[in-house]
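Starting from the given sequences, assemble the full structure and let the hints guide the process.
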Amino acid sequence: MSLRRLSLGLFAALVAGTAVAQTAVRPAPLKSGIEFTGAEVRALQNDEFANPAMLWVLRGTALWTQPAGKDNRSCASCHGDATTGMKSVATHYPQIDKSSGSLINLEGRIQQCRERRQNASPLKYESEELLGLTAFVRMQSRGMPLAISIDGPARAYFERGRDFYYKRVGQMNLACAHCHQDNWGKKLGPEIISQGHGNPYPGYRLEWQTMGSLHRRFRSCLSGVRAEMLPQGAPEYLDLELYLAWRSGNLPVETPGVRR
Amino acid sequence: MIQKQSQRRGSFPQRAAITAAAWGIGLMAGAGVLAQTPQAYQVEQGEIRAALADAGDPVRGRAVVLSRESGNCFLCHAFPDADGAPPGNLGPEMSGVGARMNAGQLRLRVVDSARVNAQSIMPAYYRIEGLNRVAAAYRGKPLLSAQQVEDVVAYLAQLK
Chain E
1 MSLRRLSLGL FAALVAGTAV AQTAVRPAPL KSGIEFTGAE VRALQNDEFA
51 NPAMLWVLRG TALWTQPAGK DNRSCASCHG DATTGMKSVA THYPQIDKSS
101 GSLINLEGRI QQCRERRQNA SPLKYESEEL LGLTAFVRMQ SRGMPLAISI
151 DGPARAYFER GRDFYYKRVG QMNLACAHCH QDNWGKKLGP EIISQGHGNP
201 YPGYRLEWQT MGSLHRRFRS CLSGVRAEML PQGAPEYLDL ELYLAWRSGN
251 LPVETPGVRR
Chain C
261 MIQKQSQRRG SFPQRAAITA AAWGIGLMAG AGVLAQTPQA YQVEQGEIRA
311 ALADAGDPVR GRAVVLSRES GNCFLCHAFP DADGAPPGNL GPEMSGVGAR
361 MNAGQLRLRV VDSARVNAQS IMPAYYRIEG LNRVAAAYRG KPLLSAQQVE
411 DVVAYLAQLK
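Protein chains in written order, with the working numbering: chain E, 1 to 260; chain C, 261 to 420.
These are calculated hints, taken from the structure and not from any lab test. Cβ atoms here follow ideal geometry from the backbone N, Cα and C, with glycine treated the same way. Hints are supplied without guarantee of correctness; some may be wrong.
Now the stretches of chain E that chain C is said to cover, found in silico as 3 or more residues with beta-carbon under 8 angstroms [unchecked claim]:
#	region
1	115-123
2	227-235
Rough simulated footprint, nothing fancy, chain E against chain C, three-plus residues with beta-carbon under 8 angstroms [unchecked claim]:
#	region
3	328-341
4	348-356
5	385-396
Here is the structure:
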């Protein structure tokens, strides 16, 4: 075989290699990203008064009881005290929305109530208001293990999310799995790569100097490998969020988290 | 503490954002160099023997390797003379690499590491085919120009 044929063959094998169906696996042992940060970040996250993300939670707390929309109703008008009404709710998201039959995350569910039950204008995905409400609702599940279902109609979304997770993308040609599944614990430049769980979000990142959604974090990683970024809330990101939530097994919700 | 931590510029995504901006500027100024389509080359027994451009300059090569805007190699490798840029450890240390490999092997490694190891996580620095979802600003462009590849190879070759 000529050298040229040989190298073409190799290339074909490479391209074909990316199409092989991947099996979904969880990292073992499961470790939250907080275990890869320093003691200072851990202390910040655990101290209700020092945690910078609490500013957004306070905002969400205020929004919870603030009437909005045509009927002048607040979230509390229907759901009452969030500490009971929203307890453990976030551990089941993303999930299949019964009304539409498609996948919805917690942000999407809050938007839905805002539009349909409050008759109010939708909130922007990365707005302070939606970050605040989402963080406030998720905080009612803080410390509780995730409990995600990938059965029935969720299965197809899960499989798409898994395929995204293992697909090489961007000019650097790397998949999520190359860093967070195969190389967690190692260093990328000065940064320790964690297992890449979504459990602290929405969370405060010191590098952002602000609060951000999980989908914003997806965009950061994709821009790092010079891949296309999609808008927050894009269907592909919902698929990915479901895969991540499954992959996190029974890790606890940490919202509002703090990370470097 | 928040202040101190947030001023740290070392973290990967922030750095990536800076990188993206710098590349954008670089593209406008020197589009000719970066937009070039990789030229054909021959692989013989795990080597690319013929140089892709003029003789490499190790000083320029070192700058490419350590630069966030181009090579960014220290994201994954430690270099013996890196001026304290904190290196990653996804790939092997580079001290002595010029003794372990000849120029042709080094060139193939940098040009397209998948030709050496199909599972490699090391990006192919001089290949544009077979990539998915590349951000528009970088589409159709290799990570390094032919001259930058030669410079990097010259730098690596003298790490003995």
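Verification of the supplied hints:
no. : hint    : result
1   : 115-123 : violated (count 0)
2   : 227-235 : holds (count 3)
3   : 328-341 : holds (count 3)
4   : 348-356 : holds (count 3)
5   : 385-396 : holds (count 8)
Hint 1 alone, counting from the list given before, is not met by this structure.
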